[in-house]
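Engineer: Letter 276 of the sequence shown, counting from 1, is numbered 1486 in this note's numbering, and no numbers are missing.
Warning: the hint list may mix true and false statements.
The calculated lysine-lysine pairs, modelled on DSS-like cross-linking and capped at a C-alpha distance of 25 Å, are [said to hold, decoys possible]: (1) Lys1331 - Lys1438; (2) Lys1456 - Lys1391; (3) Lys1391 - Lys1331; (4) Lys1438 - Lys1312; (5) Lys1448 - Lys1262; (6) Lys1448 - Lys1331; (7) Lys1312 - Lys1279; (8) Lys1312 - Lys1456; (9) Lys1391 - Lys1279; (10) Lys1262 - Lys1312; (11) Lys1448 - Lys1391; (12) Lys1230 - Lys1438; (13) Lys1262 - Lys1279; (14) Lys1448 - Lys1438; (15) Lys1489 - Lys1438; (16) Lys1456 - Lys1489; (17) Lys1489 - Lys1230.
Hints listed in this document are in silico derivations from the structure and should not be mistaken for laboratory results.
In this text, all values refer to a predicted model and were calculated from it rather than measured experimentally.
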Amino acid sequence: MRELDSLRGMVDLWDGFYEKVQDAVGMLQLVEEEQDEEALAELEADVGRLEKELAEHEFRLALSGEHDKDDAMLTIHAGAGGTEAQDWAAMLLRMYLRWAEKHGYQAEIVDHLEGEEAGMKRVTVEIRGPWAYGHLKSERGVHRLVRLSPFDAAHRRHTSFALVEVMPIIEDDVEVRVDPKDLRIDVYRSAGAGGQNVQKNATAVRITHIPTGIVVTCQNERSQLQNKETAMKVLRGKLYNIEMQKLEEEKARLKGKHVDAGWGNQIRSYVLHPYHMVKDLRTEYETSNTDAVLDGDLDPFIKAWLESQVGKGIS
């Protein structure tokens, strides 16, 4: 039914656009017959809106992956560098939460591990909304920050790294085989603020996928069952990503391209000193408005990457 609704929505979208074009053609014939200057100005405005709408529809064609229309699970890992990297992970978290808010998406932190002094060592966010994964998959990779450190008494320039993982939220009806025999499930008490907020029951869940060694945790829900369901969603998404990575590596091998899945696979640099610039190293798109980017203005980077992938079958 979800697939049917999606296809029906796509057909209705293009049918509606076709009707608008036909109305514009009818208006053009009327303008030619009556030579009405006011009607001509109105027609020119309509054509401008139609051109903009057509460009938006054509951009949607870049979102052609199997799970592009699905919700997304985004995880940020602080890299080496201690407090600096952990603060950078927290800055990225705010950036993606602001991006989701601007798009009307629902964003919920489902798991996190705070740094000792500041920031985050790791945080996972569930982002729900149409085409969330299709847009956010462009963010997978290592993000690099260069700035004057607020944690350095000498106020020297530091470079920090954080790894961003993005996976589709795979629902139960999608074919991702998870054998219960391959799982080790542990429960423990959630971390809290202390005092009356101390969690007295073991509601937090840690699931280990024994064949791959993948470990996922969730502690933000109120019940153990809810935490387990959320953790299973994360696990299914990670297993899906592994399969997609295998396919991409095989494609790269056949093309003779070396695939480096390590921390050196930097995709974007955010420079706040000695100048201001955010540059995507894959598309060469850049901007000097670093404040806007860190406040969630990611669409130009996302669009540039998606357009560069058209015809490559990247999912």
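Engineer: Work down the list of hints and note, for each, if the structure agrees.
Structural biologist: Each hint, compared with the structure:
no.: 1; hint: Lys1331 - Lys1438; result: 22 Å, holds
no.: 2; hint: Lys1456 - Lys1391; result: 24 Å, holds
no.: 3; hint: Lys1391 - Lys1331; result: 30 Å, violated
no.: 4; hint: Lys1438 - Lys1312; result: 30 Å, violated
no.: 5; hint: Lys1448 - Lys1262; result: 37 Å, violated
no.: 6; hint: Lys1448 - Lys1331; result: 19 Å, holds
no.: 7; hint: Lys1312 - Lys1279; result: 18 Å, holds
no.: 8; hint: Lys1312 - Lys1456; result: 34 Å, violated
no.: 9; hint: Lys1391 - Lys1279; result: 31 Å, violated
no.: 10; hint: Lys1262 - Lys1312; result: 20 Å, holds
no.: 11; hint: Lys1448 - Lys1391; result: 18 Å, holds
no.: 12; hint: Lys1230 - Lys1438; result: 48 Å, violated
no.: 13; hint: Lys1262 - Lys1279; result: 22 Å, holds
no.: 14; hint: Lys1448 - Lys1438; result: 15 Å, holds
no.: 15; hint: Lys1489 - Lys1438; result: 39 Å, violated
no.: 16; hint: Lys1456 - Lys1489; result: 28 Å, violated
no.: 17; hint: Lys1489 - Lys1230; result: 38 Å, violated
Checked against the numbered hints given earlier, this structure breaks hints 3, 4, 5, 8, 9, 12, 15, 16, 17; the rest are met.
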